[in-house]
Structure formats: structure tokens, C-alpha cells
Amino acid sequence: MTRPLPKFLAAMATAAMLAILAGCGSTTTSSSTNSVAAADCTPDKMQTHTAGELTVATDKPAYPPYFLNNDPANGKGFESATAYAIANRLGYAPSDVNWVTEPFNSSYAPGPKDFDFDVNQISITPARAQHVDFSAPYYTANQAVVAAKGSSAASAKTLADLKDATIGVQLGTTSLDAVNTQIQPSTQPKVFNDSNDVVTALKENQVDAIVTDLPTALYITAVQVPDGTVVGQFSAPGGDQWGALLAKGSPLTPCVSLAIDELRSSGELQRIETRWMSQAANAPTLK
Amino acid sequence: MTASEATLGRRAARETAKRRRARRGQAIAAVSSLIVIGGLIALAVTSPGWPTVRDTFFSWSAFKDSFPDVAKAFWLDIKMFCVIEAAVLVVGMVVALVRTSQAAALFPLRLLAAVFVDVFRGVPVILLVYLVGFGIPALELSGLPSDPIILGGVALTLSYSAYVAEVYRSGIASIHRGQRDAALAIGLTEGQALRHVILPQAVRRVGPPLLNDFIALQKDVALVSILGVVEAFRQAQIISSSTFNYTALVGAALLYLCVTIPLSRVLDRWGIGGRRV
Numbered sequence: 005m006t007r008p009l010p011k012f013l014a015a016m017a018t019a020a021m022l023a024i025l026a027g028c029g030s031t032t033t034s035s036s037t038n039s040v041a042a043a044d045c046t047p048d049k050m051q052t053h054t055a056g057e058l059t060v061a062t063d064k065p066a067y068p069p070y071f072l073n074n075d076p077a078n079g080k081g082f083e084s085a086t087a088y089a090i091a092n093r094l095g096y097a098p099s100d101v102n103w104v105t106e107p108f109n110s111s112y113a114p115g116p117k118d119f120d121f122d123v124n125q126i127s128i129t130p131a132r133a134q135h136v137d138f139s140a141p142y143y144t145a146n147q148a149v150v151a152a153k154g155s156s157a158a159s160a161k162t163l164a165d166l167k168d169a170t171i172g173v174q175l176g177t178t179s180l181d182a183v184n185t186q187i188q189p190s191t192q193p194k195v196f197n198d199s200n201d202v203v204t205a206l207k208e209n210q211v212d213a214i215v216t217d218l219p220t221a222l223y224i225t226a227v228q229v230p231d232g233t234v235v236g237q238f239s240a241p242g243g244d245q246w247g248a249l250l251a252k253g254s255p256l257t258p259c260v261s262l263a264i265d266e267l268r269s270s271g272e273l274q275r276i277e278t279r280w281m282s283q284a285a286n287a288p289t290l291k
Numbered sequence: 003m004t005a006s007e008a009t010l011g012r013r014a015a016r017e018t019a020k021r022r023r024a025r026r027g028q029a030i031a032a033v034s035s036l037i038v039i040g041g042l043i044a045l046a047v048t049s050p051g052w053p054t055v056r057d058t059f060f061s062w063s064a065f066k067d068s069f070p071d072v073a074k075a076f077w078l079d080i081k082m083f084c085v086i087e088a089a090v091l092v093v094g095m096v097v098a099l100v101r102t103s104q105a106a107a108l109f110p111l112r113l114l115a116a117v118f119v120d121v122f123r124g125v126p127v128i129l130l131v132y133l134v135g136f137g138i139p140a141l142e143l144s145g146l147p148s149d150p151i152i153l154g155g156v157a158l159t160l161s162y163s164a165y166v167a168e169v170y171r172s173g174i175a176s177i178h179r180g181q182r183d184a185a186l187a188i189g190l191t192e193g194q195a196l197r198h199v200i201l202p203q204a205v206r207r208v209g210p211p212l213l214n215d216f217i218a219l220q221k222d223v224a225l226v227s228i229l230g231v232v233e234a235f236r237q238a239q240i241i242s243s244s245t246f247n248y249t250a251l252v253g254a255a256l257l258y259l260c261v262t263i264p265l266s267r268v269l270d271r272w273g274i275g276g277r278r279v
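Sequence order for the protein chains is A and B. With this note's numbering, the residue at position 12 of the first sequence is 16, and numbering never jumps. With this note's numbering, the residue at position 78 of the second sequence is 80, and numbering never jumps.
Hints should not be assumed to be uniformly reliable.
[As the list claims (entries may be wrong)] The calculated lysine-lysine pairs, modelled on DSS-like cross-linking and capped at a C-alpha distance of 30 Å, are:
1. K64(A) <-> K221(B)
2. K81(B) <-> K207(A)
3. K66(B) <-> K252(A)
4. K221(B) <-> K167(A)
5. K291(A) <-> K207(A)
6. K153(A) <-> K167(A)
7. K20(B) <-> K221(B)
8. K81(B) <-> K167(A)
9. K291(A) <-> K49(A)
10. K291(A) <-> K153(A)
11. K80(A) <-> K291(A)
12. K64(A) <-> K80(A)
13. K291(A) <-> K167(A)
Simulated from the structure, these hints should not be mistaken for lab results.
So that you can see chain B by itself, here it is in the shape it has in the complex:
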């Protein structure tokens, strides 16, 4: 047996042991999840109130009746989410760039950007939606939008831009100063260094936290319902309050999950990729 054959043999043995451990881990995980999840379901199903809960929250007939209307209304959530998300990415970037700018003359803008972040990140989103939605039309200025979908979208954009600006800013701050110095040394201007060297690295690095905010936004679109907009949550509320059956709300929750769970899986993968780099 040569030295290299011995190495190969040891490696194979290690691999086998690793696979065995992995299989055992999976078996233990499966059994323990079966016990825990099965136990929780059994606890719920055997509780004295279960028949009532089943009829009011998990009624198949109520689900069939309500789901098409809720799903139709959910389309509005999707459209709003896409438009608001695009606006948030742009506004957040502008605010982040202003906050990280160095020029002395830009101080007033930096101050404004800091105030923007403090205020819009500090106010509960539902309150912001309410204030913008009912406050702006009260000004009675011509030319301002009065459509609650637009006003609600503006409120959500303000709030999430404040969060996203801080995410971008942390990304920009995490790029080593040497990157900028190197870019300037090869003849790039400050702007070019930012555009071609710093931002591409910064945005890549903050991908997972950005996606995290996407998921939060996707759920918060439902807040626009307080302005009278009939989106999925409101449609489900309408049905459940007219029938006194909460199943429609469970249907709406499933729809949100249909979007947020795939997004979360993308996020997981991105996170793993990030570790590998």
C-alpha cells in the first residue's frame, strides 16, 4: 500500500462515517419532529374547543366559498408590492448615498437624510399609513394624489426606504477604504469609484438583509387596507365579518405564505452562498 493509497483509504472511511452520521441525524430529526408536531396537532385536536375552532377557522366549505375572492384581491397586494419595492430600492439608495457623502457643502442634505431615517423608521408603519392616507387629502391641495392605493404606497415607501437606506449604508461602510483608494489610484474619479467599485460590492453584501426587508414589506402591504382598499386581508375580513367564520383569514394567510416562503428559501440559499465566498 503506497502512501497515497493509504490517504485515499482514510478519506473513504471518513466519508462513510460522515454519511452514517448524517443518516442518523436525519432519522433522529424525523422522529423528533414527528413527536413534537404530532403532539402539538394531537393537543389541538383533542382540546374541548376543537370542534368549534375547526368549524370557525378550518371550514372546508367556507374556504371554498371565500378563497377565489381573497385570491383575486391578493393580486392587488402583489402589484402594490412590486411597485413599492422598486421605489424603496431607489429612494433608499439615494438616502444612503446622501448620508455617506463626505462633501462639506452637502451637510444640510445629510441632516435631512438623517431626519428622514429617524422619523420614518421611528413611526409605526400603520400610523404612517393612516396619517399619510387621511392627512394628505385633508390638505385639499390640487395635484396631490387622493387614491388610497397611491397614498398607502407612499407611506410604505417612506417607511421601508428608511430601513433600506440604513441597510445600504451599512453595506457601503463595510467596504474597506482601500478599495476606494485603489480605485482612485488607477485614475477613477470619486463618482466612478463609488459606481463601479464600492456599490457593486456593498449591494452584493447586503443582499440577505435587503431580502429580509422585502418579506416584511410583502406582509405590510396589507396595512393599506385601513384606507379602505380591498386587498386580500380586507377581503378576508369582509367575508369573515359577514359570516362570523374566520376561515377566509386563514386562506389569506396561506396566500401570503405562498409568496413569503419561496422568498425565504431564496434568502437561505443566498445566505449559504455568502458564507462560501
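The shape of chain A in the complex, shown without the other chains:
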């Protein structure tokens, strides 16, 4: 005798779901390139998460060469050094910089953020920019293929040579798009949670090759997989520029962008890059 009730509830739930789905309007992309005067970007004028301090986020574990010893606060590694340089530009002493852990997958969740900006090798794309703010880019990454020395994938001369390889990539990276559009492999790429799992899969021959950004590839072959070799590099579709991630509409975005632009024009950004990123001159370009 209670049978009609579940049907009634199910119908109601379905109706509610449809109403929610139907109710979504189009999203508007607001440009974050508002110009701002350097005078407005000082610790006493900027509305940071904690007044007078700069709260910077990254994921844990934080990987070399972007962070060293899994400790973003030591100022070592490309992104740690860049974050401190941005802080310095904006007038914050190193002791005023707080680091918090923000997993990549939650960094773009709606709602208030626990950080002022997030540096985590995050690629800027138009789709992503609908939901978060990105600063001006601080790095442009090439993609690289890593395979075990002596394997057939290691002897690839062109991207087409990798068509039949099983390729591993990390979730949430532009590497997967790069693989699907540039290599178009016959086997579906395997997609792992983090960089360590990708490396493990390569070591255990669960994949023939992995694709990652070039600095990571150089680090992997230098430290984690001595048997591995960088087969070559190629550029991701549309270029792969990394920016700091901020809450959508954050008042700090113009300031962080301004700081990065100044770091670039003063040559400091290039010095940080040279200091922490291995030079990739010898990695052949795959076409």
C-alpha cells in the first residue's frame, strides 16, 4: 500500500534534477586583465586572506623542480622562488608569506578560497578561466615524452612513431590533451592520480612511455628513473602557459599579474627559471 510513494518521490526528484539542469544560464567570462596601479598593490591596500600577510597554496606532495624537499616554505624550487619573488614585488617580507596545502582537484571548487593565490603548475585555458582567475603566465611549458632506455618507444623519432605505444599521463594535466591531439595513440592513455604513480607505471612497464611537462621529465630521468630517457619534446596545443590561480573575481588578480609582468621585464623571472629548471637544450623536438 505504500508503493505509490517511492514512485512519487522518484518523479519529484527527477523533476527537481531537470529543473536544476534546465535552469543553468550561460556563463560569462570576465576579463581579469584590469590594469592596476602599482600604488594599489601594497600590503596595507590589498585585501588578502589574512590581513598583512600573503597566503599561498600548492598541492602536497610538492614536486621538484618546482618545490624542493616537499617544503614550499624553503624558497627553493622554481614555483616556491617565484611565489616569494611575487610577494617581494608586492611588498611582503618572506616571513609574511604563509603556505597552505590545496589539492589540485579542490583548487577550482566554488566557494571561498583558503588562499590568496595557488601555484601548482596550473595551465591557463579559456574553459578553466570561466571558473577561476588566472594571473599573467609565469612559465610556458613544453611537453616531453619519457620512455625506458632501449625500448621501442625510446627510439621514436616522430610523434607518429608513438602511435602504438601505451602512454601514461597524470590526471588534470594538459599532457592528456597533448597526447590525444598530437599523438592520437591507438590505445587509450592511462591516467594516474599523481606524478609518482605515473613514474611507478613507467618503471613497472605498465606503460611504454609517459608524457609530462619538460621540466618534470628532466627531473624524472635525472633522479627518479635513471633507466629512463627523454625521447623528445613537443609543444602542447595552443601552448601551455602556467599562471597563479585565484578565486573568480579576486581583487588581487591584477596585483599578482602586475608583479609577474614586472618580474619578467626586470629579467628576474628568467633568472629564477635558469636557477631551478634544468636546461633542456639537448631534448630533440618531435614533430
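Please build the complex by placing chain B on the supplied structure of chain A, with the hints as guidance.
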């Protein structure tokens, strides 16, 4: 009015009253659900963050773009679920039979079965998937599978067999000893008594808890994604992390519901049937 007519009249009156009560119950249930569910929806929709949540979790355009890929990947979940479930039913039964065996000579096997259940039921499933998936290929033994779909399936089979073995065992233990004695008395052997008398009753009795484990397994198939397998959850994660829009994950959740809700209804019906017997 004869005595039997009076009885019929009273019965009819009782039926009418019962129907009236049922109708009133339904009306109250409908109104109260409308208030509660409507209130919850209103609360969500009027919250300050709702426009953002709507665009990031319930975007129709993102749903349209992502759903076909997620649905295609979901087919892999279904296939894995069917194969793993079949393996679990067999392995679980073997472990349960070993654990309920009486022969003194089988003690080492009983010990192994007990350890099997303790270990594989005691370790978080995600950890087991991870250890089997990355640990077995690390052995570099030839002949062992290295396909993450198979390894993930093995891990899930180990875990769920431990649960299902205990469900079977409770079913076997619930069959009265007299059933076995009666079977032996009419000339069946121990094995025949088990096969033809005890197990058919035991398995029937534990149907609902078994189906409960099926539903849990159907959802846990998504854990194989940590080994790099692109099934529905992973496909949805890929899309949502590349677009920063969670709608694809909502789509994946709907797909899981499409399987688990019908299974739950079967379970409900089975439960009602069980009470009637």
C-alpha cells in the same frame, strides 16, 4: 441478517476504514515530502553561492558535452562489475565452505580461510587496489598479469570475497542442524546433504545481504581508476579537471544511480518476499 452476513459486513467496514487511513497517510506523506524536499531545494537555490554552484555542478552545456564520453567509459564499469561479481560469488562460496567444514584434517585450510577473511576484509579496498595494482607488477614475475584492469579486478575480488564468504557462512550457520540430520537419515552423504539440502536454503536466505554487497561492489569498481584505468569516474575527473567544471562528475553519479537504484528496488522486493515466507 445471518451470522456470516454480519461477519462480511464488519469485514467490509474494516476494509473501507483501512483504505481511508491509507489514503490519508499518502496525502500526509505527499504534503510533508513537498514541504521538506521543496524547502531543501529552495534553501539551495536561494543561497548566495547558488549561481556559481549551478554553473559548476549543474551546467547543461557541460553535461551535454561530457555525458557521452562518461557513458561510454561506464560500459567498462559494467563489464568489470559482471566479471568480478561472478568471481566473488565463487571464491566467497569456497572460502565459506572451507570455514564451515568440520573435518579435523582440514584445519590448516580453515586457518587460511580465516586469515583470508580477516586480512582482506580488514584492509581498506582502495589500499588493496593500490597494493595489488602496483605491487604485483613490481615482482617482475613472468606470467603474472600486468593489465591494471585485471589487477584491480583481482583486488576487488579478494576484498568482496571476504565479505561474501561471511555472508554465506552466516546463511549456512542459520540452517537448523535438523536439516542435515534428516538428510543423512534418508541416506544422503555429507556432501549431498550440503549440496541438495543446506546450501539451497542458506543461499536463498542470504539473498538480500548478498545483493547489498553487489551494490557496494558496483560503486567500488570506480576505485580501479587509481591504477590509470579510464572508467566512468576517471573520465569524468579528466573532463572536470580540464574544464574546472564538476558537472561531468554529476553525470557519472547519475550513471551509477541508474544501476544501483534498480538493484535496490530488487532488494526491497526480495526483502518483502522474505518476510512473507
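Which numbered hints turn out to be false for this structure?
Result: hints 4, 7, 9, 11 break, sorted rising.
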